[in-house]
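**Q** Sequence:
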Amino acid sequence: MAAKKATGKKPNISVDELKEYYREMLLIRRFEEKAGQLYGMGAIGGFCHLYIGQEAVVVGLEATAIEGDQRITSYRDHGHMLACGMDPNGVMAELTGREGGYSRGKGGSMHMFSEEKKFYGGHGIVAAQVPLGTGLAFANWYRENDNVSYIYFGDGAANQGQVYESLNMASLWKLPAIFVIENNQYAMGTSLARASSTPALYTRGEAFGVPGEAVDGMDVMAVKAAGEKAAAHCRAGKGPYILEMNTYRYRGHSMSDPAKYRTREEVQKMKDTRDPIEHVREMLIDSGSIKEEDLKAIDKDIKAIVNESARFAQESPEPALSELYTDITLEAN
568 MAAKKATGKK PNISVDELKE YYREMLLIRR FEEKAGQLYG MGAIGGFCHL YIGQEAVVVG
628 LEATAIEGDQ RITSYRDHGH MLACGMDPNG VMAELTGREG GYSRGKGGSM HMFSEEKKFY
688 GGHGIVAAQV PLGTGLAFAN WYRENDNVSY IYFGDGAANQ GQVYESLNMA SLWKLPAIFV
748 IENNQYAMGT SLARASSTPA LYTRGEAFGV PGEAVDGMDV MAVKAAGEKA AAHCRAGKGP
808 YILEMNTYRY RGHSMSDPAK YRTREEVQKM KDTRDPIEHV REMLIDSGSI KEEDLKAIDK
868 DIKAIVNESA RFAQESPEPA LSELYTDITL EAN
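In my numbering, the protein residues as written are 568 to 900.
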């Protein structure tokens with residue numbers, strides 16, 4: 568049987584590494600909170616999907632990436648951008664539709680890219696990024712380099728046909744692709760139990776001989792351990808790997824979603840008992856190597872970075888009207 572549950576083995580992580588993961592997850596949390604505020608003020612238009620609660624997934628996996636690795640995801644993408652090192656100023660400016668944004672204000676929350684950081688979107692069509700990410704893995708295989716393509720999609724997208732076409736091709740050609748299923752339990756507003764014939768999404772690759780495992784996506788150390796295993800598998804030329812990250816989003820599917828399909832008690836229980844940032848915070852305090860004042864200083868620093876990103880975004884000009892006609896067609900030389 569190709570797929571299996573995670574063993575629960577966690578890597579040895581130093582206090583400095585743990586502190587860095589805490590900082591990175593906190594940056595995503597505070598950034599998303601600010602984005603939510605700006606959306607409520609009307610500064611962000613269109614759709615806006617927040618990553619609050621899922622921070623451990625992308626921070627843990629980015630800890631396993633090397634120079635040249637690519638990442639591609641869906642519309643819940645702000646956390647992925649920040650985790651791979653994209654500038655919060657540029658991300659926030661794009662959210663607000665400003666010229667200083669990564670797509671010059673024309674992509675918004677759902678569609679921005681960074682060739683420098685090998686971030687290939689943010690994609691608004693459910694599961695559309697999966698075959699594209701498989702194409703990135705094909706490029707790595709063709710170039711015979713050591714890079715891996717991290718392909719993120721949700722539990723709802725796991726039911727899309729193009730996912731299985733991609734798994735088949737990736738397995739057939741032994742492409743270095745890590746298929747990351749961010750299972751936050753609800754596809755838009757439909758629970759996994761009502762949409763999937765099996766609760767174990769990591770087994771979806773069995774028909775193609777693609778190994779996989781379920782991972783505690785609320786534990787950054789567990790995520791890193793699983794990510795290291797999957798990356799080693801891919802870099803060794805053994806083909807693709809599936810990681811089902813069992814996580815949870817605290818907010819609605821998007822800012823327009825009141826999330827009435829679940830109880831407040833359910834959400835609060837997750838916050839109180841499974842929060843990924845609080846878990847690392849407690850570990851740092853218990854280690855005796857860092858004090859409460861030190862963590863408060865980190866939070867203060869993060870808030871300053873986020874506030875600066877909001878200031879930069881709001882002071883950046885809107886794209887000129889002439890920009891309506893650029894980046895539409897490619898002119899031949």
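What the hints contain is simulated information worked out from the structure, not anything from laboratory work. Check each hint, because a few of them may be wrong.
Stated by the list, open to error - Quick list of the computed label-pair ranges, beta carbon to beta carbon:
1. 828 / 614: 16 to 26 angstroms
2. 607 / 709: 45 to 55 angstroms
3. 888 / 713: 38 to 48 angstroms
4. 713 / 861: 16 to 26 angstroms
5. 854 / 824: 21 to 31 angstroms
6. 683 / 609: 40 to 50 angstroms
7. 888 / 633: 37 to 47 angstroms
8. 834 / 683: 30 to 40 angstroms
9. 731 / 706: 16 to 26 angstroms
10. 604 / 692: 39 to 49 angstroms
11. 609 / 875: 49 to 59 angstroms
12. 884 / 773: 29 to 39 angstroms
Backbone N, C-alpha and C fix where the C-beta goes; we use that ideal spot for every residue, glycine too.
**Q** Against this structure, judge whether each hint is valid.
**A** Evaluation of the provided hints:
1. 828 / 614: 16 to 26 angstroms: holds (18 angstroms)
2. 607 / 709: 45 to 55 angstroms: At 46 angstroms between Cβs, range holds.
3. 888 / 713: 38 to 48 angstroms: holds (45 angstroms)
4. 713 / 861: 16 to 26 angstroms: With Cβ atoms ~37 angstroms apart, the hint is violated.
5. 854 / 824: 21 to 31 angstroms: Cβ of residue 854 to Cβ of residue 824: about 38 angstroms, so the range 21 to 31 angstroms is violated.
6. 683 / 609: 40 to 50 angstroms: violated (31 angstroms)
7. 888 / 633: 37 to 47 angstroms: Since the Cβ atoms of residue 888 and residue 633 sit about 42 angstroms apart, the hinted range of 37 to 47 angstroms holds.
8. 834 / 683: 30 to 40 angstroms: With Cβ atoms ~36 angstroms apart, the hint holds.
9. 731 / 706: 16 to 26 angstroms: This hint holds: roughly 21 angstroms between Cβ atoms.
10. 604 / 692: 39 to 49 angstroms: Check failed, 28 angstroms falls outside 39 to 49 angstroms.
11. 609 / 875: 49 to 59 angstroms: For residue 609 and residue 875 the Cβ distance comes to about 21 angstroms; the hint is violated.
12. 884 / 773: 29 to 39 angstroms: violated (52 angstroms)
In terms of the numbered hints stated before, the structure departs from hints 4, 5, 6, 10, 11, 12, listed from lowest to highest.
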